[in-house]
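Participant: Residue numbers (the numbering used here), protein chains in the order written: chain D, 1 to 169; chain H, 1 to 291.
Treat the hints as calculated values from the structure; they're not laboratory data.
Computed from a predicted model, the values in this text were never measured in an experiment.
You may find that some hints are simply not true.
As the list claims (entries may be wrong) - Computed list of lysine-lysine pairs in DSBU-like fashion (alpha-carbon distance at most 30 Å, straight line):
(1) D:K4 <-> H:K82
(2) H:K82 <-> H:K28
(3) H:K28 <-> H:K2
(4) H:K82 <-> H:K2
(5) H:K212 <-> D:K149
(6) D:K4 <-> H:K28
What the hints assert, rightly or not - These stretches of chain H come out as covered by chain D in the derived footprint (C-beta under 8 Å, 3 or more residues):
(7) 25-39
(8) 126-136
(9) 153-163
(10) 216-228
Said to hold, decoys possible - Here are the simulated distance ranges between beta carbons:
(11) H:H162 <-> D:N122: 37 to 47 Å
(12) H:G23 <-> D:S2: 52 to 62 Å
(13) D:D86 <-> H:A48: 44 to 54 Å
(14) D:E3 <-> H:T145: 49 to 59 Å
(15) D:A20 <-> H:M1: 21 to 31 Å
(16) H:D236 <-> D:E98: 48 to 58 Å
(17) H:M1 <-> D:E80: 42 to 52 Å
(18) D:N122 <-> H:T255: 39 to 49 Å
(19) D:N122 <-> H:V270: 48 to 58 Å
(20) D:D86 <-> H:D65: 47 to 57 Å
(21) D:D86 <-> H:G288: 53 to 63 Å
(22) H:A22 <-> D:A168: 39 to 49 Å
(23) H:S159 <-> D:E88: 54 to 64 Å
All C-beta atoms in this analysis are idealised placements derived from N, C-alpha and C, irrespective of residue type, glycine included.
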Amino acid sequence: MSEKQHEIRLRINGTEHDVAVPARRLLSDALRHDLGLTGTHVGCEHGVCGACTVLVDGEPMRSCLMFAVSAAGHDVTTVEGLARPDGELGPVQQAFRECHGLQCGFCTPGFLTTITAGIAENPEPTEDEARDMIAGNLCRCTGYQNIVKAVCRAAELARDDRASEDGAA
Amino acid sequence: MKPAPFDYVRPGTLEEALQALAGHPEAKILAGGQSLVPLLSMRLAAPAVLVDINDLPDLDHVRADADGVRIGALARHAEVLKDAEVARVQPLVPLALANVAHPTIRNRGTTVGSLVHADAAAEMPMVLRLLDGSVDVAGPGGRRTIPAAELYVGPLESSLHHDEIAVEAFFPALGAGSGVAFEEIARRHGDYAMCGVAAVVTVEGDRVVSAKAGYLSVSDIPAVVDLTEALDGSVDATALAAAAAAALEELDPETDIHATADYRAHLATVLTARVVTAAYDDARTRAGGSR
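Make a model of the complete structure from these sequences and hints.
Facilitator: Take a look at the structure:
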């Protein structure tokens with residue numbers, strides 16, 4: 001028995017992709033299997049670990065708790081979309097490198113997307129606010145200390161970016 | 001960890017959605033999906049059809065007026081939580097919402113969806129019961145209002161019929177002289193609570209004239225206990241102990257893998273004292289009193 005396929009158009013990191021998927025295809029699986037965007041990681045697959053977090057219209061959401069068919073018509077940003085246009089690391093990625101915010105890297109894509117949205121909403125997080133921002137993401141390597149530092153550093157880098165953009169304008 | 005196959009429809013109007021439900025007794029409604037999708041992925045549920053209501057118009061409203069707060073079926077928790085008018089009209093709503101899972105889940109999950117998912121471990125069903133709110137549902141025969149007291153009938157079971165869609169929830173405004181508080185204990189930040197308690201306390205001067213507490217994760221449906229008599233006007237240690245004892249008389253804490261019945265009873269006792277005191281202080285502060 002072949003399952004009904006839905007023809008959908010997904011807009012991922014600004015690029016449109018036409019795919020045919022069964023209704024039950026999770027967005028996380030569509031990204032990885034259908035589009036080959038394997039930066040989005042799949043951990044628990046029931047919304048607990050946060051590894052699969054992507055931005056949907058700028059808001060962090062669990063891609064394992066959304067069907068690809070539901071994502072049609074929305075702007076999705078994955079970790080592949082977080083680098084600068086010239087390919088250099090974005091502020092959150094840069095901060096993770098500087099602060100040693102990752103070890104094995106499995107959870108990192110979910111942290112990067114979550115924090116990207118988090119510092120856009122709160123450009124000057126305190127350490128407590130940084131902890132709250134990442135409370136929905138699990139990391140089994142780092143003990144979170146350096147990730148919290150990376151949140152604060154990322155916010156600093158993003159502020160610098162904006163200051164130099166304003167200066168250039 | 002993948003859902004079983006299902007048919008998927010995404011109607012553009014409420015009428016079409018109701019027709020889709022009427023034609024398929026095995027259908028489930030998909031709104032935010034933050035509770036439903038894990039159930040599907042773990043194959044604890046395998047509906048034949050999912051009716052995705054995310055394209056329905058005019059259901060994402062959050063409105064607050066003197067009567068209370070009205071929340072449309074597609075309003076996400078995060079939208080409700082950041083609404084300053086909601087916080088002013090019924091402060092218990094944001095107090096509880098801040099404890100609903102993580103911000104990422106609140107960006108997608110809907111408040112009305114959580115209410116009709118009817119999980120006794122969830123925050124908002126208990127708050128709706130405590131505040132005597134209601135849910136409006138649309139069905140083939142038109143619209144009806146289900147009072148919270150009649151909404152929860154069993155574990156994960158609401159009194160909605162299979163061909164009905166919850167379209168709006170109503171949380172009554174905080175009354176004059178009243179205060180609220182909410183606290184829960186979870187093993188991990190953002191996780192399901194082992195016990196959570198909310199309270200609404202009304203004062204006249206220093207004296208408590210009414211007090212009610214709601215309990216989540218203690219029984220298999222959200223529970224509310226009237227503590228007015230037990231407190232007998234006061235919130236001193238004796239009164240609080242009497243209130244907690246009165247609550248446990250009516251509650252029947254259950255044992256599961258997260259906590260024993262004894263531990264839940266202990267948490268309910270401690271939290272009852274804390275939230276009743278905090279709601280009392282809140283009522284006094286709102287009344288402009290100081291101690």
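Participant: If a hint holds in the structure, say so; if it does not, say that too.
Facilitator: Hints and how they fare:
Using a Cα cut-off of 30 Å, the hinted pair K4 of chain D and K82 of chain H is violated, with the two alpha carbons roughly 40 Å apart. Under the criterion of a C-alpha separation no larger than 30 Å, the hint pairing K82 of chain H with K28 of chain H is consistent with the structure, at around 29 Å. Restraint check for K28 of chain H and K2 of chain H: the C-alpha separation of about 17 Å stays at or below 30 Å, so the hint holds. Only pairs whose Cα atoms come within 30 Å are accepted, and K82 of chain H paired with K2 of chain H is rejected, the gap being roughly 33 Å.
Using a Cα cut-off of 30 Å, the hinted pair K212 of chain H and K149 of chain D is violated, with the two alpha carbons roughly 43 Å apart. A C-alpha spacing of about 18 Å is found between K4 of chain D and K28 of chain H, which places the hinted pair at or below 30 Å, so the restraint holds. Only residues whose C-beta sits within less than 8 Å of a C-beta in chain D count toward coverage, and the segment 25-39 of chain H has 5 of them, enough to reach three; the restraint holds. Check on the segment 126-136 of chain H: 0 of its residues sit with their Cβ under 8 Å from a Cβ of chain D, so the three-residue criterion for coverage is violated.
Only residues whose C-beta sits within less than 8 Å of a C-beta in chain D count toward coverage, and the segment 153-163 of chain H has 0 of them, not enough to reach three; the restraint is violated. Given a C-beta distance limit of less than 8 Å, the hint that chain D covers the segment 216-228 of chain H is violated, as 0 residues qualify and 3 are needed. Checking the proposed 37 to 47 Å range against H162 of chain H and N122 of chain D shows it holds: the Cβ atoms sit about 42 Å from each other. The hinted window of 52 to 62 Å between G23 of chain H and S2 of chain D is violated, with their beta carbons roughly 23 Å apart.
Checking the proposed 44 to 54 Å range against D86 of chain D and A48 of chain H shows it holds: the Cβ atoms sit about 50 Å from each other. In this structure the supplied range 49 to 59 Å is violated for E3 of chain D paired with T145 of chain H, their Cβ-Cβ distance being about 40 Å. At roughly 22 Å, the beta carbons of A20 of chain D and M1 of chain H sit within the given window of 21 to 31 Å. Taking 48 to 58 Å as the suggested C-beta distance range, the pair D236 of chain H and E98 of chain D conforms, at roughly 55 Å.
With their beta carbons about 24 Å apart, M1 of chain H and E80 of chain D fall outside the hinted range of 42 to 52 Å. Between N122 of chain D and T255 of chain H the beta carbons are some 40 Å apart, a value that agrees with the proposed interval 39 to 49 Å. In this structure the hint that N122 of chain D and V270 of chain H lie 48 to 58 Å apart at CB is violated, the actual value being about 33 Å. Taking 47 to 57 Å as the suggested C-beta distance range, the pair D86 of chain D and D65 of chain H conforms, at roughly 51 Å.
A hinted range of 53 to 63 Å for the beta carbons of D86 of chain D and G288 of chain H is consistent with their spacing of about 59 Å. Under the hint 39 to 49 Å, the C-beta atoms of A22 of chain H and A168 of chain D, about 60 Å apart, miss the expected range. About 57 Å separates the C-beta atoms of S159 of chain H and E88 of chain D, a value consistent with the hinted range of 54 to 64 Å.
When held up to the earlier numbered hints, the structure conflicts with 1, 4, 5, 8, 9, 10, 12, 14, 17, 19, 22 and fits the remainder.
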